[in-house]
Structure formats: structure tokens, C-alpha cells
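In order, the protein sequence lines correspond to chains U and V.
Residue numbering for the first sequence is 1 to 470, as defined by this note's numbering.
Residue numbering for the second sequence is 471 to 814, as defined by this note's numbering.
One should not assume that every hint holds.
Here chain V is said to cover these stretches of chain U; the calculated rule only asks that three of the stretch's residues, wherever they fall, bring their Cβ under 8 Å from a Cβ of chain V [claimed, not checked]:
(1) 267-273
(2) 379-389
(3) 422-435
The calculated lysine-lysine pairs, modelled on DSSO-like cross-linking and capped at a C-alpha distance of 27 Å, are [claimed, not checked]:
(4) U:Lys-363 - U:Lys-386
(5) U:Lys-363 - U:Lys-374
(6) V:Lys-800 - V:Lys-786
(7) U:Lys-374 - U:Lys-109
(8) U:Lys-363 - U:Lys-397
(9) V:Lys-646 - U:Lys-272
(10) U:Lys-386 - U:Lys-272
(11) U:Lys-220 - U:Lys-208
(12) U:Lys-169 - U:Lys-220
(13) U:Lys-363 - U:Lys-390
(14) U:Lys-449 - V:Lys-646
(15) V:Lys-800 - U:Lys-447
(16) U:Lys-220 - U:Lys-449
(17) U:Lys-457 - V:Lys-539
(18) U:Lys-457 - V:Lys-800
Just so you know, these hints were derived from the structure itself, not from any lab.
Predicted, not measured: the structure shown is a model, and the values here were computed from it.
C-beta atoms are modelled at their ideal positions from N, C-alpha and C, and glycine is treated no differently.
Chain by chain, the residues run as shown.
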Amino acid sequence: MKKKLLSALLSVAMVASLLVGCGGSAETEAPAAETKEEAPAAETKEEAPAETKEEAPAEDAAASTDKFYIYSWNTELGDRLQYVYDANPGVQDRIEYVNVGDSSVYQEKIDQLLQTPDAEDYPDLIAFEAGYIMKYTNSDYTLPVTDLGITDADLAEMYPYTLTIATDKRDGSLKGLSWQSCPGSFMYRTDLAESLLGVTSPEEMQAKISTWDDFIATAKEIKEASGDATRILSSNGDVTNVFMSNKTDPWVDDAGVFHMDDQMVQYMDVVKTLESEDLTQKTATWSEEWNAGPSNDSVFGYFGCTWFLHWTIKANCGGAAVGEGTYGLWNMCQGPAPYYWGGTWLGATAGCSDLELAGLLMKGLCCDTEIMTKMSEETLDYVNNKTAMKTLSDAGKGAYDFLGGQDFISVFSPLADNVDVSWMSAYDQKVNELLETQLTAYSTGEKDKETAIADFKAAVAEAYPSVTVE
Amino acid sequence: MAKTANKKQKTVEYGRYGYFFIAPFFIIFAVFQLWPLIYTIGLAFCEQYTDTMFNTVVGPTFNGVENFKTVFMSRDGVLFDTYTFHSLWNTVIMWLMNFVPQILLALLLAVWFTDTRVKMKAQGAYKMLTFMPNIITAATISVLFYSLFNYPNGPINQVLVSMGILDEPFRFFNDKWATRGIISFINFWMWYGNTMIVLTAGVLGISPSLFEAARVDGANSGQIFRQVTLPLLRPIMLFTLVNSAIGGLQMYDIPKLLTTSGYGDPDYTTRTITMYMRELAFTGAKQMGKASATSVVLFVVTLIVSLVMFYIMRDKDAIKEKKQIKAAQKALAEKQAAAGKGAN
């Protein structure tokens with residue numbers, strides 16, 4: 001009898017340990033996967049649990065001892081939030097900044113998390129990119145900012161388009177705020193402009209590329225004058241954002257009907273010309289070669305916006321002061337069309353555990369003129385606050401040695417005022433990807449234009465069963 | 471009755487505890503494999519997707535074979551002209567392109583390594599080297615090959631141009647056969663070592679006396695390979711084939727990571743069926759229903775391929791022998807019956 005009992009006990013213990021083992025590993029797996037790609041965020045992660053433990057007995061409300069999860073796909077938001085932490089000591093203790101690491105898997109990750117409101121790592125604040133923000137703001141997954149204690153007075157300094165984008169189409173409530181404004185320009189090398197085109201000022205340069213026909217003509221001129229060494233752009237895809245911002249219709253309108261307007265056909269033609277006449281370096285956007293472009297003479301210019309100037313061109317110019325690499329040899333002008341590219345919004349989720357804290361963070365990051373002025377001055381971000389930008393511009397802080405003294409604020413300001421976002425839809429990112437695939441096939445001569453367009457439409461219909469595609 | 475029960479009490483029935491010990495497997499299998507399997511098949515007959523406009527989930531509602539219709543027929547009603555079958559076709563092509571050379575090379579190496587007359591030197595080191603690519607993760611290898619074949623300044627392009635083979639750098643990842651070739655090569659290179667080890671084990675399992683006997687009878691290496699090694703290697707070959715077919719049809723990591731967009735560039739010609747399934751289920755409108763239907767198609771195709779392989783690789787001699795034995799037994803029985811009748 002004893003033997004029997006013992007063996008039964010042993011087997012139960014074994015089964016139990018097995019199951020426990022499985023359960024445990026499944027749980028620990030998820031955070032491990034996250035930490036893999038977020039070396040910079042790892043520090044804050046390690047510190048956070050220790051601090052919360054100390055604090056736990058002091059606070060009695062369950063909600064306020066829980067960690068406050070903020071999700072993003074890189075370190076940018078975390079770095080910017082530091083300004084809010086500095087202004088509000090003690091706030092950072094409960095915050096768990098999760099850097100998913102890869103913006104292509106970010107949406108999938110967030111979608112899964114939003115399905116599990118009871119999970120410990122359910123996000124409280126999430127960051128959105130322009131390409132898909134509407135998918136979240138037009139849904140019940142996000143909260144109106146009024147719930148967080150943000151009033152219309154707080155929004156007065158913002159560029160109107162940043163509010164339009166984040167407004168729920170169903171009831172007109174505002175669901176997200178952005179701390180940056182991202183109008184775009186054409187950034188070009190002044191030394192190459194002078195030696196190849198004889199252009200000495202941004203106004204002259206603008207005249208040379210004011211329409212797409214001029215742009216192509218200038219591209220040919222640059223190629224010839226440099227003896228094939230320099231191209232106007234690095235990748236054919238560099239023009240994409242300019243065209244996308246100038247669509248007359250959104251990809252999918254409110255009635256769920258798909259539109260492909262003439263802008264997109266022109267886009268295909270321009271890319272085809274760039275490809276077949278060999279007018280770019282034909283790199284892939286964001287690839288190693290593409291990133292190396294600003295440090296040598298192979299590329300004349302890039303289409304870029306506010307953050308692009310600092311994060312991409314300056315970071316890759318091969319120097320950190322005038323005289324090093326191409327630092328100081330850049331200038332900006334409008335280019336063939338005004339456009340807007342990217343930007344990050346911040347929104348609170350439906351199950352946000354601490355509305356007060358969410359409100360505090362969003363207000364501090366996106367509405368507080370003082371914090372934003374400081375942020376812009378130190379990081380050179382073009383912040384979403386008219387007064388802050390005006391203050392800096394008036395103080396002469398906009399003159400940027402990287403641009404050879406050109407005032408980047410005065411270039412961007414009029415552009416930011418006039419950004420039109422009526423072309424945006426929740427479908428943009430995926431549909432743009434689908435177009436990209438067909439455009440590559442068309443521009444490299446694998447397909448003719450009609451086939452490419454037909455295949456593109458078929459791909460959209462396939463990806464979105466609820467969208468009407470003619 | 472009471473007596474036997476009493477008797478049973480005294481001896482401890484250990485056999486029963488066996489069930490407790492194997493229970494964890496069945497519980498985990500049921501929860502993490504059997505249930506998802508049944509659920510997937512169920513979902514395949516339902517409409518379920520996310521309406522991107524307002525991010526609302528539609529379904530799951532039963533809609534019969536609607537999903538299978540869109541999987542099998544294009545919008546114009548052409549049978550098999552769908553992304554599902556295009557991606558299945560891509561998968562099969564890339565699998566064949568890597569598997570055929572892989573099994574041939576692995577077989578050759580396995581025979582060389584086990585041949586007592588060849589006696590290769592530094593076998594251990596060579597075996598290790600062939601197995602090495604399998605240890606590196608697919609992600610690393612993809613990144614490595616992506617930079618090797620990069621345009622315009624990847625090492626391969628630079629070498630080919632400087633050697634005068636190409637006039638100008640070639641965009642490998644814009645050409646479907648080049649990309650498919652690279653993917654197949656990576657898979658070939660990663661897995662031939664593994665296949666070789668399995669086949670070596672198979673060859674070593676054949677009694678050496680058979681090889682000796684064949685040699686004494688004057689058979690040359692080619693004859694020994696064809697008449698002795700290959701027939702006796704059949705069970706291992708079948709295992710390798712089926713294993714590789716299942717693995718090949720589920721090819722995902724290399725094509726997913728190698729191409730820039732991750733959607734099977736250029737123009738979806740390297741998109742495998744598992745990549746497509748993932749795309750359906752997790753991007754765009756998150757069409758779970760259609761993705762499930764696609765995975766059911768993959769399941770059926772895998773089943774058919776495996777069954778065909780079992781049929782082709784069946785032991786014909788053994789079947790023949792069995793038939794002969796049966797016939798002989800039947801004849802004997804008839805004879806005996808006839809004899810019995812005669813006696814009557």
C-alpha cells in the first residue's frame with residue numbers, strides 16, 4: 001500500500017512539474033523575445049522592476065503599483081519621454097518602455113496585445129506611425145484624449161493636420177497626439193550643385209526641380225555633368241513619399257471603395273524613367289549602400305523630412321562638424337511638390353490602467369510649450385508646437401551648421417502649416433507595399449503598365465475582402 | 471469474485487502508472503496540437519477577417535466552402551490561378567531545386583565515407599564541416615547571403631565584374647530565378663550535411679558481410695552501390711524523402727528573411743505557401759478564415775505527397791514474396807482439400 005501511494009505521488013509530482021515547466025517557459029518566452037532587440041531600452045527595463053518593488057508597500061491602490069506599459073518600435077519615443085520625466089520627478093518609476101525593435105512586426109505585436117486586456121503586459125500607451133494610425137484611432141481600441149484630461153486649450157499650439165489624422169472618423173473625437181511635425185523637403189549637396197549645375201542658392205535649386213519634368217531633366221544633367229559618378233537620388237523609392245502625399249483621393253474612401261488616381265500613374269512613370277534612364281544609384285531604400293550615400297559624392301540629394309535630416313542624413317554624412325565628411329554641405333528646398341512624411345503619434349489604449357499618468361505624459365510630451373522648446377533646441381526635432389518653433393526661430397536657433405547656416409525652421413514652418421492629409425487612410429502602409437512590388441516589376445521591365453496596375457488591384461482586393469475594387 | 475479482487479490488491483499494478491507518465495504528452499498534444507488542428511479546419515469553413523476601416527473583427531461565421539472557392543479559383547474564375555497555388559508552386563520548385571542535388575551529394579558522400587576501400591583521411595573534420603551550416607541560424611545565413619549578393623557593391627557582383635564575367639553589376643534579387651536559385655542553394659548547403667549523416671547511419675546499418683560477399687563475387691563499386699547499397703537503404707531513403715518533403719513544403723525562414731520586403735520578391739515569385747499563410751492571417755485584413763483554408767490545402771498536399779512517396783518506395787520484392795507465400799499456401803490448402811475429398 002505504501003509503495004503504491006509513493007509511486008502515485010511520484011507520478012503526480014512528475015506530471016505537475018512537467019506542466020509547471022511548460023507554463024513557466026511559455027510565459028517567460030515573450031519578454032525574452034522583446035529584450036533581444038532592444039539593447040538601449042534594456043537598462044531601463046532592468047531598473048524598473050527593482051524600483052517598483054520598493055515602492056509597492058507605500059502605495060495601496062492596485063492600479064498604481066502596476067507597471068505602466070508604453071509600446072514603440074524604436075528608442076526615439078523613449079528618449080523624448082525623458083524630457084517629461086525630467087520635468088516630473090518620480091513619474092518614470094512605474095513606466096515600462098517596451099521597444100518592439102522592428103516596425104514591420106510592431107502592428108502584429110500590438111494587435112495581439114490589444115486582444116488581451118487582462119494580460120500583465122497589456123499596453124497603456126502606444127505609439128503609431130502615420131501609415132496605420134487610422135486603423136487604431138478609428139476603432140474602440142483607443143481612448144479620446146479628453147478622457148485623459150487634455151482640453152482644447154492644450155491643443156492650440158499644434159499643427160492642425162496632426163489632429164486631423166488622429167481624429168476618429170466615426171464620432172470626431174481626438175484619439176492621439178504627436179509631438180513632432182514632419183513636413184518634407186528636398187535635401188541636396190551644395191558643393192555638387194555648384195560644380196555640376198552652377199546652382200548657388202536654394203531658390204535657384206528649387207527652380208531646377210519645381211516640376212517632375214524639370215526634376216528628370218536635372219537628373220539627366222547631373223548624370224552627364226558628373227561623368228556618371230553622381231546621381232540625383234540613391235534609390236528609385238526615394239520619390240515614393242512625395243507622390244503618396246499628393247494623391248487626390250485616399251486609397252480607400254469612407255465608403256470602402258478603392259481608388260487609384262492619376263498621381264499614382266505619374267508616380268509609376270517617373271520611377272520607370274528613373275530606372276530605365278539609369279538616373280539613380282538603384283539602391284534599396286534603407287539599405288547599407290543607401291545609407292552610405294550622404295558620406296560620398298555618389299548621391300546628389302534625398303527627399304526627406306524633419307527627422308530625416310537629423311536621423312538619416314546627418315547621421316550618415318561621415319562627420320560631426322563642419323569640414324568632416326559632407327557636414328555643412330547640405331541645403332534644403334521644397335522640391336517638385338509639397339509633401340509630408342511620417343511622424344509618430346501617441347495614444348492611450350481602451351484598457352489604460354492609469355488615465356492620469358497617460359494624460360500627464362501626453363500633455364508633457366505633446367502640449368507643454370516649455371518642455372517642447374527645450375526638446376527641440378536640444379534634439380533639433382521639429383516639434384508640433386507653433387510657439388516653440390517660433391521662439392527658436394526668432395532666437396536664431398534654426399540656423400544649422402549642418403545646412404551651412406540655412407535656417408531649417410524657416411524652411412519647414414510654412415510647409416508644416418500647409419500639410420494636407422485628406423489622402424490618408426487606414427490602409428496606406430499595406431497598400432503602398434503592394435504597389436511597390438508591382439512597381440518594381442513594371443520599372444524593371446518584367447511587366448507592362450496595364451498588367452502591373454491590374455495585378456496591383458488584384459492584390460488589394462485579395463488583401464482586403466471588404467474593399468470594393470473595380 | 472471477492473477473492474480475486476482481494477488478490478489483486480496485494481500485487482501492485484505498476485502497468486497502470488505508465489498511463490500517468492505518458493499523460494503529459496497527450497494533454498499537451500491535445501491542447502497545443504490537436505485542438506488548434508481541429509479549430510483550424512473549423513475556421514477554414516468560416517468567414518473571419520478584420521475590417522481595417524474601423525479595426526473591427528468580422529466573424530467567425532459559417533460560410534461553407536466560400537474560402538476554398540477563393541483559394542482554388544481566381545476572381546476571373548480560372549482554376550488554380552490564385553496566390554495560394556502560385557505560392558505552393560514556388561515552394562515545390564524551390565524544394566526540388568534544393569532537394570535533388572542535396573540527396574545526390576549526400577548519398578555520394580555517405581558512400582565515400584563508409585566505403586572501407588576508399589579510407590578517406592580526416593573524415594571527422596570533413597563531416598564536421600559539412601554539418602556546420604546547419605548549426606548557424608537561418609537568420610544569420612540569410613543576412614550573409616543578402617550582403618554577398620547585394621547590388622551594386624556586394625562581393626559577388628564585385629568579383630564577377632572584375633573577372634569580366636559581367637559587364638555591370640547584376641540585381642540578383644530582382645530576378646526570380648536568381649533569387650529562387652539562391653534560396654535553394656542556401657537550403658541545399660544547410661541541409662546536405664544533415665542528410666549525409668542520416669544516410670551514413672543507414673549505410674553503416676547494412677551488414678558489411680554483404681559488401682564483402684559482393685566484392686568476392688567480383689562486383690565493382692558501381693554494381694555494389696546499385697545492387698547492394700541502394701536497395702538496402704530504402705527505408706532510410708524513404709524517411710529522408712518524406713521528412714524533407716514535409717520540411718520543404720513548410721519552407722519559410724530563408725525566403726522570408728532573404729528578400730527585402732519579406733513578401734517573396736520579386737513579384738511574389740519566391741513567396742512560399744507558409745509565408746503566404748502568415749501574410750493572410752496577420753497582415754492586411756487578417757483573413758483567418760482564408761488562411762485556415764490555405765493551411766488545410768497545404769495539409770492535404772503534404773498528405774498526398776507523403777502517400778505517393780510511400781507508394782513509390784514500397785518494397786516490391788517483399789510484396790511479391792508475400793503474394794507468393796499466400797499463393798503457395800492457397801495451393802497447399804487446395805491440394806489438401808482435394809486430397810481430403812479424394813480420401814472421402
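Hints versus structure:
Coverage of a stretch by a chain is defined here by at least three residues with a beta carbon nearer than 8 Å to that chain's beta carbons; for the region 267-273 of chain U and chain V the count is 0, and the condition is violated. With 0 residues having a beta carbon nearer than 8 Å to a beta carbon of chain V, the region 379-389 of chain U misses the requirement of three or more and the stated coverage is violated. Taking a C-beta to C-beta cut-off of 8 Å, the region 422-435 of chain U contributes 4 residues in contact with chain V, enough for the three needed, and the coverage statement holds. Of the supplied pair hints, the one linking Lys-363 (chain U) and Lys-386 (chain U) holds, its CA atoms being roughly 15 Å apart against a limit of 27 Å.
Pair hint Lys-363 (chain U) plus Lys-374 (chain U) holds up; C-alpha atoms about 15 Å apart against a cutoff of 27 Å. At roughly 21 Å between alpha-carbon atoms, Lys-800 (chain V) and Lys-786 (chain V) fall within 27 Å of each other, so this suggested pair holds. Between Lys-374 (chain U) and Lys-109 (chain U) the alpha-carbon distance is near 33 Å, which puts this suggested pair outside the 27 Å criterion. For the suggested pair Lys-363 (chain U) and Lys-397 (chain U), the alpha carbons sit about 24 Å apart, so the restraint of at most 27 Å is met.
A hinted pair counts as satisfied when its Cα atoms are at most 27 Å apart, and Lys-646 (chain V) with Lys-272 (chain U) qualifies at roughly 19 Å. Distance restraint check for Lys-386 (chain U) and Lys-272 (chain U): the Cα-Cα separation of roughly 39 Å exceeds the 27 Å cut-off, and the hinted pair is therefore not satisfied. Our distance criterion of 27 Å between C-alpha atoms is met by Lys-220 (chain U) and Lys-208 (chain U), whose separation comes to about 12 Å. Among the hinted pairs, Lys-169 (chain U) with Lys-220 (chain U) is inconsistent with the structure: their alpha-carbon atoms are about 44 Å apart, more than 27 Å.
Among the hinted pairs, Lys-363 (chain U) with Lys-390 (chain U) is consistent with the structure: their alpha-carbon atoms are about 20 Å apart, no more than 27 Å. Of the pairs offered as hints, the one joining Lys-449 (chain U) and Lys-646 (chain V) holds, with about 19 Å between alpha carbons and a cut-off of 27 Å not exceeded. For the given pair, Lys-800 (chain V) sits about 68 Å from Lys-447 (chain U) by alpha-carbon distance, which is inconsistent with the 27 Å threshold. With a C-alpha separation of about 23 Å, the suggested pairing of Lys-220 (chain U) with Lys-449 (chain U) holds against the 27 Å cut-off.
Between Lys-457 (chain U) and Lys-539 (chain V) the alpha-carbon distance is near 19 Å, which keeps this suggested pair within the 27 Å criterion. Annotation: proposed proximity of Lys-457 (chain U) to Lys-800 (chain V) is violated, straight-line Cα distance about 68 Å (limit 27 Å).
This entry does not satisfy hints 1, 2, 7, 10, 12, 15, 18, going by the numbered hints stated previously.
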